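**Q** The primary structure of each chain is shown beneath.
Number of protein chains: 2
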Amino acid sequence: MTQEPEQAVEEQDARDDDDAYALRPKNVTAILYAVDTDDREQLVALLEPLHPADIADMLEQINAFDRMRLIKLYGKEFDGDILSELDESIREEVIRTLHPEVLAEAVRELESDDVVDLLEDLDEAQQEAILEVLEDSDRVAVEQSLTYPEYSAGRLMQREVVMAPEHWNVGEAIDYLRSTEDLPEQFYHIVLVDPKLRPIGNVGLGRLMASRREVLLRSLISETFHVFPVTRPEGEVAYAFNQYHLISAPVVDENERLVGVITIDDAMAVLDEEHEEDILRLAGVGEESRLSDTVLETTKQRLPWLAVNLMTAILASIVIAQFEDVIAQVVALAVLMPIVASMGGNAGTQSLTVAVRALATKDLTGSNVWRIIRREGTVGLVNGAAFALVMGVLEYLWFGSAVLGMVIAAAMVINMLVAGLAGIMIPVVLDRLKIDPALASGTFVTTVTDVVGFFAFLGLARVVLL
Amino acid sequence: MTQEPEQAVEEQDARDDDDAYALRPKNVTAILYAVDTDDREQLVALLEPLHPADIADMLEQINAFDRMRLIKLYGKEFDGDILSELDESIREEVIRTLHPEVLAEAVRELESDDVVDLLEDLDEAQQEAILEVLEDSDRVAVEQSLTYPEYSAGRLMQREVVMAPEHWNVGEAIDYLRSTEDLPEQFYHIVLVDPKLRPIGNVGLGRLMASRREVLLRSLISETFHVFPVTRPEGEVAYAFNQYHLISAPVVDENERLVGVITIDDAMAVLDEEHEEDILRLAGVGEESRLSDTVLETTKQRLPWLAVNLMTAILASIVIAQFEDVIAQVVALAVLMPIVASMGGNAGTQSLTVAVRALATKDLTGSNVWRIIRREGTVGLVNGAAFALVMGVLEYLWFGSAVLGMVIAAAMVINMLVAGLAGIMIPVVLDRLKIDPALASGTFVTTVTDVVGFFAFLGLARVVLL
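Residue numbers (numbering that gives the first Met the number 0), protein chains in the order written: chain S, 0 to 465; chain F, 0 to 465.
Quick caveat, the hints were computed from the structure, so don't treat them as lab data.
You may find that some hints are simply not true.
If several chains are the same, the list does not tell them apart, and a pair holds so long as it fits within one copy or across any two.
Stated by the list, open to error - Derived DSS-like pairs (lysine-lysine); straight-line CA-CA distance at most 25 Å: (1) K25 to K433; (2) K25 to K361; (3) K361 to K195; (4) K433 to K71; (5) K25 to K71.
Please read all numbers here as calculations on a predicted model, not as lab measurements.
Just chain S, same shape as in the assembly (with noise of 0.2 Å):
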């Protein structure tokens, strides 16, 4: 090779302005040409370069086949690291692929958050393989960290914690850094913690830098001190890092003592995955869909959403039913009625869209949810007054009635009011009533919307026309 193969990513990045992306489709082209031609050497050259979060990317794009035979190869090179970034419907494959040894390899290079995460997801067996090839202190700890509830703060911590106690100063947390073998990889704060273990204050370690050793660790104690129980939602832990800039957090057991931490980069992953699922869910995609999932697993997240859909789009026929006279008369019913649906859908979806999210961050609460909920209901007035003016012309401009055109546009204002004040008052009483607003507010919303808009402009017309 005439050049290190970092280097060349590195000067693509800076041609490439616009990518920091450092997986590109020709390094995945050049990745499975060597597997295909059992080039071990070139395969190692050419993944050696990548951040683990990389190749875990890599082997999700690529199928089956080429991850199995490309894990072979890699052999013993394949890193810990790697596991923790693989998206969990690949995870278990890619485990049950690798030789035993290399997993054990590469799961006693893991912190204990690490070995957490890649257990959760794991059946039994698989469990108790990786769990014997820890050491005893590790697998105690791991033990311990699962008997937390998923997705609590006892789950997402490192048990590694760097503390000291309240009454030292600078030069004594320096030395006993110094002369401690086995710190984590990375730690930002010291955790000053009373005779009971307990968290009393964090010291940002720029702070403690700057000071003299004889200068009180107590006084040094960041401003922003959040400490969470062990049952804490990781949801709500996320929130709080964002919300007040924390970069690391200690977590305490219900004595309130300190059994470990949990730092932002952890925090940023779950609201990332928070983001990823609200997102899926309001399209009603299974929250945990990959790009990686089969046609099978694809078909079977999908059906249940897709069949619910199809229970509110017959609602929707059945009031069209109740109507067929008056269409059979005025087939111009028949071509413009979608359009009031549509616009009563597409408002709701707006509306909802906003109330979703403004829960999810709680920016929707007590204190302001009738002012919202009038808004809301303004706007769809004033947008639905806006449509029907518009669309009461061109109905006239296409099919000559001006009654038709009354008709319409009245029904339009109807169903956007509705549909501004469904898209708010459903999210809300949903979130009320514990049920994930981004799970359900959709189909219900445009349930309302097409049932109104349908009802609001064939009853109008049958009493107007006939």
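Let chain S serve as the given structure and place chain F on it in line with the hints.
**A** Only chain F this time, still in chain S's reference frame:
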């Protein structure tokens, strides 16, 4: 008062385990009562324990009149960080309300990246007013940052960097930090630079602290090290932080000289905003949409998307109008046709949401796009076949026409296949054309599924029934 407010919040926190949030409707009520009764002392006592981010949230939740009165009453206690945390839409209003002296004091407390963030969205007169109150050195720094493109790494970074020459050892670094007065509030790495001020590596403070004074900094460099040019879009920066678990990363100018540093909390905020924008765009809501917007602002944001939707709905109506003859003879067609369109629209939305997300997270690339297109087509076909069967049978039970049952079944298969393919291919093509797929895909896809759905169903019906 019998209890420190901070302590009260902590206790509530411990009780109310599923909510880490410190600002509750009941606090807001108490705050508004203090404003109503002009009780400055009480207001300060209530706001003092709150984090600036929570005060900003509270200001966003109350109405404009209460906001004005609160700010006037709160007076000089108003903290610069509250301004940073406020939504842009309200920030301008608050800056106008603040007494110039209070504003000057508030702004002087901020770090340079926060001042830049503050200035970006203000009109020129307000920008001037704020720049004037800054110290000379700060003003020059801020003005320099404003020369970088909006949403770039240059705007996001803070200019306060802790750096060290590459030949220093741990002792020299510690002595330097102890003797420097004006260190940044938070920092996690020391950036090593060569004589031309080009960054060559990061030394984490944890490793620094754990090492003896004579150890060379060069030997402590972190494995993961990313350098961003000032022009790199902030979305790419946030992606890299999340992908590579970065904590802080240096920013360089066109000569590769170190000019600033980006920390993970800023990257996390960008990631959060980008997600928010994606969700709002997918729903056809202006991405600038905020809960605190007025009726007029909201109406104006949503109107364009509704107008686009109206056009696509009319397009679908034009398709229907081509089949007035057959609808007039078989009114059941008008009853059933929305079902075909609705199922296609839903399947298309599922498919496109997965595609838009995968494009945003760079999981959908040239390496796997054909496989995913095949998958989405197959899933559409399978789900289409399943619902065709269900709907065919339901039609027969409802209207008793076997022929019409076969028509709706065939139309369903066609439309759901097209929906699956359009749902993946439209976002991919838009992405290649450098058009944000989140923004435009939804409209295109539902237009396709409406047109194809109505055309397939009514067209087949005409062939078979007339």
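**Q** Look at each hint and say if it fits the structure.
**A** Here is how each hint holds up against the structure:
1. K25 to K433: Only across copies: K25 and K433 sit 20 Å apart there, 47 Å inside one copy, limit 25 Å.
2. K25 to K361: between (43 Å within a copy, 14 Å between copies)
3. K361 to K195: Neither way: K361 and K195 sit 35 Å apart in one copy and 47 Å across, limit 25 Å.
4. K433 to K71: Classified as neither; 47 Å inside a copy, 38 Å across copies.
5. K25 to K71: Within. Shortest intra-copy distance 22 Å satisfies the 25 Å Cα cut-off; inter-copy 60 Å does not.
Of the numbered hints stated above, those contradicted by the structure are hints 3 and 4, listed in ascending order.
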